[in-house]
Amino acid sequence: MSHWLPLAVIVPLVAGALTPALAHGRPGLARAWAVAVTAWCTFATALLTSRVALTGPFSYEMGGWAAPWGIELRFDEFSAAALFICVIMLLVLVFSGPYVRRALPEARITWYYSLLLINLGGMIGFVVTGDLFNLFVFMELVAVSSYALVAVGGGRTAALAAFKYLIAGAVSSALILFCIGVLYSLTGSLNMADVALRLATIESPAPVMLALAGMTVAFLVKAGLFPVHVWLPDAHAIAPTPINAVSSALVVKLGIIGLLRILPLFGAVSLAPLYEALAWLGAISVLAGAFFALFQQDIKLMLAYSTISNIGYIVLGLGLAGELAVTGAGIHVLNHALIKAALFLAAGAMIHQSGYRTLHDLRGIGRAMPWTTLALLVGALSIVGLPPTAGFLGKWYIALGALEAGRPGFAVVVLAGALIIFAYLARMLNAFYFRAPSHEEMLAVREAPASMLLPVLVLAALCVLGGLLGRWPVMLIAPAVGRLVGGG
Amino acid sequence: MAALWGNIDYAAFVVLFCIGLYIIIAKQNLIKKLLGLNIMETAVFAFVVTSGMVDGGTAPIVGPGMSGPFASPLPHAMVLTGIVVAVSITALALCLIIEIYRQCGTLEADELKGAE
Amino acid sequence: MNQVFDLVMLALLIAMALAVARSKDLVAAAMIFSGYGLVMCLLWQHRGAPDVAMTEAAIGAGVTTILVLLAIGRTCRREK
Amino acid sequence: MRKSLVAITIAAAAVPMLIGVAGLPRPGDPSAAVHTHVAARYIAEGAHETGADNLVTGVLLNYRGFDTFGEVMIIFAALAAVMAVLPRGATGLPGAGAASGIPISPIVAFIIRLTAPFIAAFGAFVIFKGHVSPGGGFQGGVILGALLMMLSLVLGRGVDRPLIPARSARWLQAAAPLAFFAVGVLGLGLTGAVLGYPAEPGRELLRELMMIFLEIGIGVGGGAIILGLFLETRGE
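Protein chains in written order, with numbering that gives the first Met the number 0: chain E, 0 to 487; chain L, 0 to 115; chain X, 0 to 79; chain B, 0 to 235.
I should point out that these hints are in silico values taken from the structure, not numbers from a laboratory.
Keep in mind that the hints are not guaranteed to be accurate.
[Stated by the list, open to error] Listed below are several chain L residues computed to face chain X (Cβ distance under 8 Å; list not exhaustive):
| # | residue |
| --- | --- |
| 1 | Gly-5 |
| 2 | Asp-8 |
| 3 | Ala-11 |
| 4 | Ile-23 |
| 5 | Ile-24 |
| 6 | His-75 |
| 7 | Gln-102 |
[To be verified] Not everything, but these chain E residues come out facing chain L in the computed CB check (under 10 Å):
| # | residue |
| --- | --- |
| 8 | Phe-132 |
| 9 | Ala-142 |
| 10 | Leu-165 |
| 11 | Gly-180 |
| 12 | Ala-192 |
| 13 | Ala-195 |
| 14 | Leu-196 |
| 15 | Thr-200 |
| 16 | Phe-391 |
[What the hints assert, rightly or not] The following label-pair restraints were derived from C-beta to C-beta distances:
| # | chain 1 | residue 1 | chain 2 | residue 2 | range |
| --- | --- | --- | --- | --- | --- |
| 17 | E | Gly-266 | B | Ala-6 | 52 to 58 Å |
| 18 | B | Ala-165 | X | Gln-2 | 52 to 58 Å |
| 19 | E | Leu-196 | B | Pro-29 | 29 to 35 Å |
| 20 | L | Thr-57 | B | Arg-25 | 37 to 43 Å |
| 21 | E | Gly-266 | B | Val-184 | 50 to 56 Å |
| 22 | L | Ser-66 | B | Arg-25 | 51 to 57 Å |
By construction, the Cβ of each residue, glycine as well, lies at the ideal position given by its N, Cα and C atoms.
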């Protein structure tokens, strides 16, 4: 029996609750404790992912109660995202050792690691649960810890950015709970598979459409898609670097995975108009995100806007609803997490070492921090989507899906988005490598400390590996895509 | 629209939801926005509790003397969790407000927009 | 009789929500919000949900209002 | 311009919600899916299967115990968030800008001291009898938390000298997740499913003990967390 599944969710959460108690006298212990727990979670999710790859989706009934009466955890191919979540969180924890000792006041460090563990447990719970209300509870858990982690850096406008993020998140959460209430009122159950079955027999379409529209809008707000992205740039740029990586690479993806969870519920309703809207919103978001990124001087703001653009790619892939396009979207959810984590950690290491944030001030850093800049170069090539890297696969499948669906316009959008980002990155790399430093002390800047450099290099290697071994994730999520597109 | 009269309670909760949304969007003071958020969340909880109600039903406590139709206990469990979530978010939001006031000296959204 | 009680409660809730929206003094708004929570608690008690009513009274109307008043104490009392 | 933008947004939210809500089954209709599907089993066999007469507590701790574990983690995450966000002095105490310190009048202080034991008794009653009468861990926890708040005010024990010393407060605040972990692993041992309760005829007492243990954990943990939130928000 796979008790790994519930324990993979419960252990990080309880460990997060124990961190302040254990590390009361010894703040150094908090980080070691967090890294150990996250390593265990990585092992557990790797076991679960290998099991789903071999034997297909499986579920676990909490408390021994059968599905609609108790809570059912359902680990399917999309839940394999839990492995990516654990790997990236492990690297972020290793990275945040020296960074946090300097960036955060002493008293906040234990609570920082406690919040990160709770964030990890909430994300794993979110991707594995098969129960609607459980999904809401874990989404709130991730939300509360993310609001605090954005503000933990204590910058001048950190609290205001966190407050805007909180209001946007809480309004969309209230809307999601309202839609869960509508679905419960219609079907009488909260288990996703059971609700899907019973929704097919509902005659009055109005409440079903309301629940579908409400949840889609709410999850798109949480994913930071263009028209409803207002909270994202400040929240992702002002937070400490490890939190940028966690929120831009992982937390934002929960909105997409939430969408992937609720779309099969509405199999009976014709989803064509919804997919059309998603495709157009995604396309607009691709161009708008890339366009805004072009004008940013601050590296972190640029990376935050490029997240909005890549979320646009994923939503565009979902909107095209073809086999190829949805596979591309699924792949890009995973690969973009690796790429964005590598980019944010590399840029953060540069800011940490040199103290400068804008393109102009960071000129000539290529010579001072060769390895970090190399990792940033690999990340930049991946985000543009050049062939050997991980970013290429997702965009390639989405472009193919657009052509297959007879919508060449969207394929052009995919290309245009990549070109705009390429223009910015060319300027950035030109500044790092070929321009004379605009500040003398840039030459005195030393390479990042080992425990910050190692995760950055590992992530850059994973970006290239993700590109070369791209076949495996595609095969892994193929059955889930088949169910979603076949049933949709 | 005749059906709406049958569900007049739901209509009232939607109105409360929109009053909360109005307060969040239109009012400038951050504490006022937070109260609007709480009004909106309480309206959603009221909607969920009301969906579990049954005509002439009593509390879902199956004691010796209890009889008659019982209200469904599932929405009550959901709303209990929801209320705890709402107070958690409110506590965090208030501390962010205290931090914003300490740094920017004002709680009016339009003045804060200029401070960035 | 039940229908009248419910309608009165709903009307009262909407009136209090609007009062919170209009009042310039934040302490008054917090107090009206506490009353709003208690009326909601009464409504749920009437709908056969004593657990939720008790929780709403204790947490929704109680703890939330105390925290809001504390925060008002540390910031400013009037809305401009 | 801004007024019309606000009006459009509100209308864009209100109209579809009203139309959608009108299509829902009438609340209170006994034949609605809400009462005939999952809830029908909770009401019919709930008391027997969970051993809790108060079915809401039965659902909260037994059928959907995992939700309540998530909820307990959310209230702890709120405390962790407040501790991580509020400014810390060198000694780890919240900074200046404290509430206006109007001294408690002796009359109020006396009344609070007088009623303290009764409030404590009522809180304990709500926690212990949570599975047979309305109430439960959270409500009891909030009542105990409110009592601790009042005593902190009356005894002048602010955040610098908290009523519960910081070291033990950290363990008390983690009481609820720990209780859930203990019951979950015990349930795994007894019934082969995490958070499972033994349902054999001879094991009713053990099941009730496990449930009361959870209620105490949630009550004590909730009370300590709410006291922590109060002290942190209040500052000096």
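Status of the E:Phe-132 interface restraint (C-beta, 10 Å, chain L): Since the shortest Cβ distance to chain L is 6 Å, the answer is holds.
Should the interface hint for E:Leu-196 be scored as holding, given a Cβ-Cβ cut-off of 10 Å against chain L? violated (18 Å)
Using Cβ atoms only, decide whether L:Ile-24 comes closer than 8 Å to chain X, and label the hint accordingly. violated (11 Å)
Verify the interface restraint on E:Ala-195: the C-beta must sit less than 10 Å from at least one C-beta of chain L. Violated: closest Cβ of chain L sits about 18 Å from E:Ala-195, beyond 10 Å.
Is the hint on E:Thr-200 kept, meaning its closest Cβ partner in chain L is under 10 Å away? Result: violated, 18 Å to nearest chain L Cβ.
At a threshold of 10 Å, is the proposed contact between E:Gly-180 and chain L supported by beta-carbon distances? Check passed: Cβ of E:Gly-180 comes within 4 Å of chain L, closer than 10 Å.
Starting from the hint 29 to 35 Å, judge whether the C-beta atoms of E:Leu-196 and B:Pro-29 obey it. Because 23 Å falls outside the window, the suggested range is violated.
Is it true that L:Thr-57 and B:Arg-25 lie within 37 to 43 Å of each other by Cβ? About 19 Å separates the Cβ atoms of L:Thr-57 and B:Arg-25, which means 37 to 43 Å is violated.
Interface hint check: E:Leu-165, Cβ to nearest Cβ on chain L, cutoff 10 Å. Holds or violated? holds (5 Å)
Closer than 8 Å between Cβ atoms is the bar; does L:Asp-8 clear it against chain X? Give me holds or violated. holds (7 Å)
Cβ separation of E:Gly-266 and B:Ala-6, checked against the hinted range 52 to 58 Å: violated (36 Å)
Do the beta carbons of E:Gly-266 and B:Val-184 sit within 50 to 56 Å of each other? Since the Cβ atoms of E:Gly-266 and B:Val-184 sit about 38 Å apart, the hinted range of 50 to 56 Å is violated.
Going down the numbered hints, you'll see the structure goes against 1, 4, 5, 7, 12, 13, 14, 15, 16, 17, 19, 20, 21 and 22, while the others check out.
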